[in-house]
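Protein chains: 4
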Amino acid sequence: MASLKRIGILTGGGDCPGLNAVIRAVAKAALGGGLEVLGIEDGYLGLIENRLRVLENKDVSGILTVGGTILGASNKANPADYAVPTGDGKWVKRDVRDQVVKHCNAARLDALVVIGGDGTMGGAVDLIARGLNIIGVPKTIDNDLWATDITFGHHTAVTTAADALDKVHTTASSHHRVMVVELMGRYAGWIALHAGLASGADVILIPEIPFRLEHIAGKCLKRHKVGKGFTIVAAAEGAVPVGGKQFVDRVDPTSPDPIRLGGVGRYVAEEVEKTTGLESRSIVLGHIQRGGSPTPYDRILATQFGYHAFRLLVAGQFGRMVVQRGGRIDSVPIAEVAGKVRTVPTDHLLIEAARALGTSFGDRPA
Amino acid sequence: MASLKRIGILTGGGDCPGLNAVIRAVAKAALGGGLEVLGIEDGYLGLIENRLRVLENKDVSGILTVGGTILGASNKANPADYAVPTGDGKWVKRDVRDQVVKHCNAARLDALVVIGGDGTMGGAVDLIARGLNIIGVPKTIDNDLWATDITFGHHTAVTTAADALDKVHTTASSHHRVMVVELMGRYAGWIALHAGLASGADVILIPEIPFRLEHIAGKCLKRHKVGKGFTIVAAAEGAVPVGGKQFVDRVDPTSPDPIRLGGVGRYVAEEVEKTTGLESRSIVLGHIQRGGSPTPYDRILATQFGYHAFRLLVAGQFGRMVVQRGGRIDSVPIAEVAGKVRTVPTDHLLIEAARALGTSFGDRPA
Amino acid sequence: MASLKRIGILTGGGDCPGLNAVIRAVAKAALGGGLEVLGIEDGYLGLIENRLRVLENKDVSGILTVGGTILGASNKANPADYAVPTGDGKWVKRDVRDQVVKHCNAARLDALVVIGGDGTMGGAVDLIARGLNIIGVPKTIDNDLWATDITFGHHTAVTTAADALDKVHTTASSHHRVMVVELMGRYAGWIALHAGLASGADVILIPEIPFRLEHIAGKCLKRHKVGKGFTIVAAAEGAVPVGGKQFVDRVDPTSPDPIRLGGVGRYVAEEVEKTTGLESRSIVLGHIQRGGSPTPYDRILATQFGYHAFRLLVAGQFGRMVVQRGGRIDSVPIAEVAGKVRTVPTDHLLIEAARALGTSFGDRPA
Amino acid sequence: MASLKRIGILTGGGDCPGLNAVIRAVAKAALGGGLEVLGIEDGYLGLIENRLRVLENKDVSGILTVGGTILGASNKANPADYAVPTGDGKWVKRDVRDQVVKHCNAARLDALVVIGGDGTMGGAVDLIARGLNIIGVPKTIDNDLWATDITFGHHTAVTTAADALDKVHTTASSHHRVMVVELMGRYAGWIALHAGLASGADVILIPEIPFRLEHIAGKCLKRHKVGKGFTIVAAAEGAVPVGGKQFVDRVDPTSPDPIRLGGVGRYVAEEVEKTTGLESRSIVLGHIQRGGSPTPYDRILATQFGYHAFRLLVAGQFGRMVVQRGGRIDSVPIAEVAGKVRTVPTDHLLIEAARALGTSFGDRPA
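Protein chains in written order, with the working numbering: chain A, 1 to 366; chain B, 1 to 366; chain C, 1 to 366; chain D, 1 to 366.
Don't read these hints as lab results, they were simulated from the structure. Please note: incorrect hints may appear among the correct ones.
Unchecked claim - 16 Å max Cα-Cα, derived EDC-like pairs, lysine to aspartate or glutamate:
| no. | chain 1 | residue 1 | chain 2 | residue 2 |
| --- | --- | --- | --- | --- |
| 1 | C | LYS228 | D | GLU41 |
| 2 | D | LYS228 | C | GLU41 |
| 3 | A | LYS228 | D | GLU41 |
| 4 | A | LYS102 | A | ASP126 |
None of the values given here were measured: they were computed from a predicted structure.
The whole structure should be built from the sequences, with the hints applied where relevant.
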């Protein structure tokens with residue numbers, strides 16, 4: 001740690017419960033180790049605009065249980081492709097990576113801890129190539145980052161999603177309805193799989209297993225016939241019908257403006273009602289999955305990740321991202337991670353278990 | 001209680017946390033008082049189709065904390081206007097009120113406890129006119145039933161809504177966003193007012209106070225200027241712009257199919273983003289406000305309401321609905337209640353308090 | 001408001017969820033009304049030791065949902081009887097009320113908002129007599145302050161208590177046990193009554209209804225005989241046997257040191273097990289009833305109380321305490337309140353309801 | 001699966017959230033696979049007393065989210081050493097293992113799924129030796145079973161414990177107190193370590209690291225001096241002073257009856273207050289750590305464990321217990337497990353992380 005005197009921390013990308021816990025762990029460990037710590041505001045934007053502030057113990061005290069990030073975040077600031085105003089009301093994309101490096105050097109940062117998802121890690125690769133010492137900490141509520149079995153924030157999102165599924169359960173049961181809850185997960189179905197399993201959803205739809213409406217409808221009717229007059233469907237937003245496309249950006253082609261027609265949740269509810277005559281409703285859980293106080297599990301995981309980032313700093317193992325694999329904290333080169341998505345293997349033990357317990361994934365007759 | 005030997009209980013209308021607590025209280029008190037109790041399935045539908053079942057103590061044991069209704073409910077079965085199939089694939093509306101009375105008499109029901117909202121109470125008025133002994137228990141998560149200050153289920157809905165507002169708070173704050181959360185409340189803004197106040201929303205939109213987009217946008221910009229780069233908006237689904245209409249059934253006129261364009265939440269978020277340039281998002285909380293385990297407050301209130309219904313039964317005070325007014329349990333004639341909505345008075349103390357603390361209702365410059 | 005320029009706020013007594021919400025409401029309304037606001041640290045102690053600090057909007061932002069009090073509190077500082085060190089290692093009690101008045105005048109406080117319980121209101125009476133302008137806001141999780149139907153914090157305590165009762169329910173049921181949960185409430189049984197009712201406790205013990213062990217044991221055995229092999233007892237810490245004394249300070253007379261033998265919860269569990277042979281356990285919930293984020297109900301109530309305190313300030317109605325009675329916010333002279341306890345009337349409708357539903361209060365044969 | 005026709009399930013030992021989820025998974029998978037399923041009541045007691053009942057899909061429907069066990073449990077029935085009444089008011093210990101085997105054979109059970117902790121697995125070893133086909137599923141909220149990294153129920157217990165620590169945090173902070181929360185964990189400190197880390201406890205005491213009161217007091221004073229006037233201590237019930245004994249069964253030697261003096265939590269609070277003069281309080285969380293609805297994490301883990309038990313049944317891999325190791329579901333011989341405790345390694349990464357972040361384990365100067 002001889003030469004390491006001052007580090008910076010930034011949080012990039014969408015919101016995720018546990019960000020503050022990572023910031024706290026990195027900062028407390030670093031301050032305890034005699035380092036100076038700068039917090040960079042709003043992710044890479046803070047490096048572009050040179051907005052940094054000193055972090056002391058009192059700044060990171062009491063934030064362990066608080067959602068969001070005290071540093072702010074931005075999911076729009078890509079240093080390689082940054083929109084700057086031209087002055088005449090227009091915008092032009094510029095490569096400001098050298099400016100970022102310049103600001104890091106001006107602030108005399110010996111190393112940077114970068115907490116973020118796939119996009120943030122991609123940006124880190126560029127900066128590493130320009131000579132910055134960077135440690136990555138993976139962040140995604142979707143749990144779809146390559147190389148790590150689990151990321152903080154996912155468990156909190158699953159808890160929020162399972163709570164919503166539990167809540168609609170009583171309504172569905174009392175009113176004999178099909179209830180479709182659309183959950184986050186554009187490319188990977190981890191949230192829908194975990195939350196669906198945790199609340200005993202009857203149907204789970206994930207991007208990895210294309211569904212057929214007839215099988216979903218069949219499951220609903222089968223339950224109806226045996227006297228269970230309701231069905232709970234947990235659907236990842238990225239779920240797709242066999243041979244079809246994602247519904248996320250579905251727009252009405254007849255309309256002059258791009259009108260969003262709703263996602264897969266509404267589609268499934270409407271079609272199931274049309275086909276079966278069973279009353280069906282859908283809800284889109286949306287951003288509340290990204291918010292709130294992290295669960296104890298995520299606080300511990302985020303703390304571990306943050307502390308391990310500090311250990312990598314001290315060991316001078318730059319260019320690496322913290323991961324958990326096989327139940328152990330470890331690290332991998334950031335360059336290996338960027339651009340890859342960890343989807344749910346269709347032969348995953350949890351899918352096998354869910355099928356054995358009667359859950360439909362919409363791909364087979366009920 | 002000389003002549004009272006057997007009573008029936010039914011739950012009508014939409015789902016509401018606390019229904020089971022009322023059923024339990026009525027049934028336990030009645031069974032303890034030596035009465036026989038029949039549970040009627042699916043609201044008035046069970047009286048039309050003659051589906052009743054005996055309730056004993058074991059049937060209502062353990063349901064106090066469970067959402068939904070063990071009896072089932074239907075919000076489609078109006079005995080005065082009931083859809084029956086004609087046999088050739090069509091449906092025709094029939095008046096089946098006499099059939100309902102016949103089934104009640106056949107089951108030797110001396111009285112009926114009817115738990116429901118405005119529609120259910122309207123149906124009860126008809127049956128009272130036909131000679132049935134009925135006690136009403138008001139039910140609405142919206143808290144907009146006339147004659148009672150509070151209804152069970154509302155507090156649970158407010159808790160769910162406030163929890164969602166709390167959750168988006170950290171995201172809004174970290175990402176400098178305007179977040180609009182659309183809550184239930186088509187005619188009355190009680191949920192948005194209470195939940196908005198409970199979570200410190202910056203803007204609260206309710207049907208009773210028409211809003212101007214410019215004032216909402218102005219509030220967002222004002223907060224942005226003083227360095228609070230985010231704004232939380234709690235919007236009742238029935239909120240309307242000055243001189244405008246409700247958004248609940250907004251459809252695209254250019255489309256052949258009726259395409260729902262989204263409610264007031266999406267409208268406000270999109271327009272605010274357009275006007276101010278501030279990143280804005282909306283979520284629609286939807287049915288999860290109707291579900292889940294009732295809060296302790298609602299369990300107690302529902303138990304009180306159910307027990308008071310029993311007291312009215314025993315006292316032979318038929319045709320009355322249980323209410324809470326001025327902090328006391330009381331009753332009013334059901335006939336006085338039907339068809340009236342209890343909206344938020346625009347000079348309500350809570351609105352005055354919220355304004356004094358800086359909350360905007362969208363009707364005045366920020 | 002002509003002459004009102006600067007106010008002080010203090011919080012006294014034990015912890016209570018919602019204190020911060022009151023501070024926020026008073027401060028925001030006052031600052032919005034052009035007043036200066038000083039926060040007094042640690043209740044009356046801050047007035048004795050002259051520890052005050054300026055409160056601005058940013059200081060009370062984000063505290064609505066946070067438990068505790070940002071001002072600190074002390075339940076040891078009574079200005080009429082304040083312990084000061086004599087210098088030789090001893091302490092002597094002094095009357096420092098004039099010193100308090102002097103510090104208020106030196107800080108040019110035109111009025112004081114005093115948030116606290118019975119003791120804090122008693123202190124306020126003294127200071128009013130010395131010419132200070134004081135508005136009181138009642139605070140007690142026990143809900144036993146005279147003149148107000150409800151106090152903020154109580155509902156949160158009830159929610160925590162009901163949650164604990166719900167949690168032991170499954171264990172009691174699975175393991176066929178008698179589980180006694182000892183709750184707060186030394187003089188009044190509101191928490192045990194409300195939480196017990198909310199979670200369907202089989203036995204509720206409160207100070208207002210002395211119990212007989214034989215009736216509790218009888219209830220447990222009766223449930224055992226009908227196949228419900230478990231019993232849940234919600235016991236206020238102040239519950240007493242007929243003709244007996246409170247257990248709160250029960251000590252072992254044979255021991256040289258005062259050894260606390262445990263409260264009524266342990267006593268009941270041990271005696272029931274001895275008498276009936278049924279396995280019995282007790283837990284003491286303790287201080288967690290005073291902590292945590294206030295429920296939405298308490299945040300709203302605390303905000304209303306705080307805002308009404310501001311209205312009384314502006315109206316110059318000094319010497320009064322905010323109350324809620326008959327469902328409305330109102331106020332009473334502080335002098336009328338001090339020294340009185342609002343216990344549960346033994347003919348309270350909730351007790352009648354609980355009995356009708358089969359709950360035992362330990363005073364009658366099961 | 002040719003010869004496997006009928007299986008039995010039992011749950012032994014203390015309560016644990018997730019038991020029902022395991023029962024449901026085993027039963028649903030087995031019924032789906034064409035097997036008959038018998039539920040054995042109250043653990044081994046049901047095999048001794050021949051109390052078994054048929055389980056069908058409807059019996060295990062809706063129990064996934066419910067705490068406790070629908071089968072009942074007993075932690076007193078050890079077939080090798082079972083207390084039977086002699087008829088003259090006395091009890092004698094008998095070996096009834098052959099009787100258990102006889103009842104299993106009479107019920108034509110081809111295999112048994114035994115869900116329990118160390119004691120239950122010990123009992124299973126005996127029955128395996130007598131020829132029974134047994135699959136074990138580990139259960140302990142303490143997470144101290146050998147051979148598996150994690151057990152269901154632990155996470156729920158940690159969540160309850162962390163919630164209590166969070167709740168006392170605001171009180172401690174507002175009232176400048178030392179608050180000691182005594183948590184479960186007689187032999188292993190996993191709950192205190194995890195919950196303490198998750199809520200940022202300042203001191204964590206576990207059985208594996210004997211403490212010195214002077215170091216705890218030193219930590220409290222150090223925090224006091226830097227202006228943080230409070231300290232949160234998370235103490236496992238089995239924590240011990242250096243060279244001392246556990247406090248669990250501490251009794252007053254001067255008393256004729258064995259009077260429990262309270263555990264380590266009270267001891268630490270009393271001694272710290274005596275030594276430092278800082279106001280100190282303790283609470284014992286107790287049985288609520290064993291109750292309540294399992295968290296989504298535990299529902300998933302319990303479902304996986306239950307499903308894997310079914311897979312072992314089908315594969316005829318009897319005599320094995322399900323485990324999770326290195327992030328994967330696996331199994332080990334039951335015989336290897338019994339009698340071993342998995343304590344917290346004192347060089348565990350979490351302990352290292354906690355120390356680096358400023359947490360004291362009471363073993364070193366602050």
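Problem set entry | Distance restraint between LYS102(A) and ASP126(A), which requires alpha-carbon spacing of 16 Å or less | Holds, because 14 Å separates the two Cα atoms, which is no more than 16 Å.
Problem set entry | Restraint status (C-alpha distance of LYS228(C) to GLU41(D) at most 16 Å) | At roughly 14 Å apart (the allowed maximum being 16 Å), GLU41(D) and LYS228(C) satisfy the hint.
For this session: Take the C-alpha atoms of LYS228(A) and GLU41(D), compute the straight-line distance between them, and say whether it is at most 16 Å.
Result: Violated - the C-alpha atoms of GLU41(D) and LYS228(A) are around 27 Å apart, more than 16 Å.
Exercise. Keeping to a limit of 16 Å between CA atoms, is the pair of LYS228(D) and GLU41(C) held or broken?
Worked result: holds (14 Å)
Hint violations for this structure: number 3 only, all remaining hints satisfied.
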